[in-house]
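**Student:** Protein chains in written order, with this note's numbering: chain V, 1 to 310; chain U, 311 to 559.
Read the hints as simulated data drawn from the structure, not as lab findings. Take the hints with a grain of salt, since some may be wrong.
[Claimed, not checked] Computed list of lysine-lysine pairs in DSSO-like fashion (alpha-carbon distance at most 30 Å, straight line):
1. U:K553 <-> V:K220
2. U:K360 <-> U:K326
3. U:K529 <-> U:K342
4. U:K412 <-> U:K506
5. U:K342 <-> U:K553
6. U:K553 <-> V:K281
7. U:K312 <-> U:K551
8. U:K541 <-> V:K220
9. U:K557 <-> V:K220
10. V:K281 <-> U:K541
11. V:K281 <-> U:K557
12. V:K281 <-> U:K326
13. U:K360 <-> U:K506
14. U:K342 <-> U:K507
15. U:K342 <-> U:K330
16. U:K342 <-> U:K503
17. U:K551 <-> V:K220
18. U:K312 <-> U:K360
19. U:K551 <-> V:K281
20. U:K312 <-> U:K553
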Amino acid sequence: MTILVVAEHDNQHLKAATRHVLAAAEAIGGEIHVLVAGQHCAGVAEAARALPGVSCVRLAQSDALESAGAENMAALVVRLAPDYTHLLTAASASGKNWMPRVAALLDVAQISDIVRVDAPDTFTRPIYAGSVWATVRSADAIKAVTVRTTAFEALPETGGAACLETVEAGVDTGLSRRTGLALNASSRPELETARVVVSGGRGLGSAERFSALLEPLADKLNAALGASRAAVDSGYVPNDYQVGQTGKIVAPDLYIAVGISGAIQHLAGMKASRVIVAINKDPDAPIFAVADYGLVGDLNQVVPALTAAL
Amino acid sequence: MKVLVPVKRVLDYNIKARPKADASGVELAGLKMSMNPFDEIAMEAAIRFKEGGQASEVIAVSCGPQANQETLRTALALGADRAVLVETEVELQPLAVAKLLKALVAREQPGLVICGKQAIDDDANQTGQMLSALLGWSQATFASRIELGEGTALVTREIDGGLETLSIRLPAVVSTDLRLNEPRYATLPNIMKAKKKPLETLTPESLGVDIAPRLTLLKVAEPPARQGGIKVDDVAQLLDKLKNEAKVI
Ligand SMILES: Cc1cc2nc3c(=O)[nH]c(=O)nc-3n(C[C@H](O)[C@H](O)[C@H](O)COP(=O)(O)OP(=O)(O)OC[C@H]3O[C@@H](n4cnc5c(N)ncnc54)[C@H](O)[C@@H]3O)c2cc1C
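Model the full assembly from the supplied sequences, consistent with the hints where possible.
**Tutor:** This is the structure we're talking about:
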């Protein structure tokens, strides 16, 4: 068995997600290669070479790969695929975007968002907003898999000494082109990897109150900020703050849910957190059923008091 | 330009799914089924293009058992012009659906396919991308804004860290995210009118598509349960617990 792990990066930094995916690859077993595809990303490939358990890093660079567009990424991975029994990447916005294309072009099923490796051909994945876990077996020669990073503990950054091989980047399919990129500037830790997440819901009532109450708390805890869908839909915070079934999946050491009711779609994104705190004025809010520590009260009083006491 | 919108019939999002007693699947008997919420958003986008004169016809399609007719009638009530059901009792996986949709695209020649980014039952998030690949078309997933131009479209996508805008060549497949629009409700007169709109039924065999499942479902189970915790009285007790019991701060 030889596994290709496709690295997650921004052409400058190798993202931690890759090390979680490597843990899933290790659980499958066999030789592991890492593909770094992008532009001016030789530094990322160098970082990947140091990852433990990786025998070879394959580097593909071109303008066409710079933004990891689905059509070009898929064409590249499909070209490399015959060397492998498994193709793995993170179930991130990027991996979800191009991996199904790869699977379709190879005429194989994709196994999305795995949380467990049961055997090299058998995987467990959450369905129905994580209310149920399904265990599925693939009969396809190549397994195309996206990995829920929070379900696999990251391997260390160093310890390996992989070879480096340059691969042909391929021509631009010309089907799509990035014309704009608006990233939310933030000095906070990344939501997906933060040790502490402070999340706000509709209970915050406005964008002003969201930031006035939750930013000082997040500052004190060096936390990332997250939100429920209702908070995002109401315009309190940008869309990429959304935690849940159809947003981001997080599993920090500490998740503080403020003014969030605990709809199943929200729980799907955070219930694997180590410690959950819920602050809500409704003692019957479903969030309390998953909270280790629940505090019933008005967030307008509780949050400033908590921030002041830290 | 015709717009094709695939719609899926799923367990209503308000209902918590449970495994069947024999672990062979999820219990659906007698439970409320609805159109996948992301497909409602896709329908809404297509209907607005029609209302704005940018689409000539909106065709809703669904693949699955006969009961999917109900979902298609909802699509017709929302504003689709006609509907196609590819009827089968076989369990359909995303690759099979993508192949069926490809065959329908060959028949209907739409300039745009708008689909939901994921179905809230299998949470696979695959079908649109697979269809786009099989057609050799461009794709733009997780759309929060679609602007149609001459032979191209500008699509703003929700990605990790912010928003990305793509210029894509048409024909294309676009998948919808939550912020694209707020879907309308079907009005009673439109529900009545929908009963008279054309709904055609085809089969995978008549389309010449192999839909055999590739993944075998071995079992479904409840996920590991989370122990319920305690309620604390005040901020001081909360801090004490976080520091001394959970040791997370
Ligand atoms: C297809 C689909 C996908 C979805 N995906 C997601 C997803 O990924 N993530 C997600 O989060 N949701 C998702 N949802 C939405 C989900 O169903 C809920 O609607 C949403 O999570 C509710 O957000 P909320 O808890 O902030 O709001 P509400 O349910 O309105 O809860 C607000 C809470 O704030 C409390 N509150 C109000 N004022 C105060 C106060 N002064 N002090 C203390 N507490 C107060 C209230 O008691 C209440 O419990 C999805 C829904 C659908 C249909």
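**Student:** Against each hint, give a clear statement of whether it holds in the structure.
**Tutor:** To see whether the hints hold, each was checked on the structure:
A threshold of 30 Å between alpha carbons decides the hint, and for K553 (chain U) with K220 (chain V) the separation of about 14 Å falls inside it, so the pair holds. Among the hinted pairs, K360 (chain U) with K326 (chain U) is inconsistent with the structure: their alpha-carbon atoms are about 35 Å apart, more than 30 Å. With a CA separation close to 23 Å, the supplied pair K529 (chain U) and K342 (chain U) stays within the 30 Å bound. Pair hint K412 (chain U) plus K506 (chain U) holds up; C-alpha atoms about 27 Å apart against a cutoff of 30 Å.
For the hint linking K342 (chain U) to K553 (chain U), the alpha-carbon distance of about 45 Å lies beyond 30 Å, and the restraint is violated. Distance check on the hinted pair: K553 (chain U) and K281 (chain V) sit about 23 Å apart at the alpha-carbon level, within 30 Å; holds. Note on K312 (chain U) and K551 (chain U): the hinted pairing is violated, with a Cα-Cα distance of about 60 Å set against a maximum of 30 Å. For the proposed pair K541 (chain U) and K220 (chain V), the alpha carbon gap of about 23 Å is at most 30 Å, so the pair holds.
A threshold of 30 Å between alpha carbons decides the hint, and for K557 (chain U) with K220 (chain V) the separation of about 16 Å falls inside it, so the pair holds. With a C-alpha separation of about 12 Å, the suggested pair K281 (chain V) and K541 (chain U) falls inside the 30 Å cut-off, and the hint holds. Simply put, K281 (chain V) and K557 (chain U) have alpha-carbon atoms about 25 Å apart, close enough for the 30 Å limit, and the pair holds. Distance restraint check for K281 (chain V) and K326 (chain U): the Cα-Cα separation of roughly 24 Å lies within the 30 Å cut-off, and the hinted pair is therefore satisfied.
For the proposed pair K360 (chain U) and K506 (chain U), the alpha carbon gap of about 19 Å is at most 30 Å, so the pair holds. A distance of roughly 24 Å separates the Cα atoms of K342 (chain U) and K507 (chain U); the hinted pair therefore holds under the 30 Å criterion. In summary, the hint linking K342 (chain U) to K330 (chain U) is supported, as the alpha carbons are separated by about 16 Å, within the 30 Å threshold. A distance of roughly 23 Å separates the Cα atoms of K342 (chain U) and K503 (chain U); the hinted pair therefore holds under the 30 Å criterion.
Annotation: proposed proximity of K551 (chain U) to K220 (chain V) holds, straight-line Cα distance about 17 Å (limit 30 Å). Restraint check for K312 (chain U) and K360 (chain U): satisfied, since their Cα atoms lie roughly 9 Å apart, inside the 30 Å limit. Taking the CA atoms of K551 (chain U) and K281 (chain V), the gap is about 20 Å. The hint holds against a cut of 30 Å. At roughly 60 Å between alpha-carbon atoms, K312 (chain U) and K553 (chain U) are farther apart than 30 Å, so this suggested pair is violated.
The earlier numbered hints that this structure contradicts are 2, 5, 7, 20.
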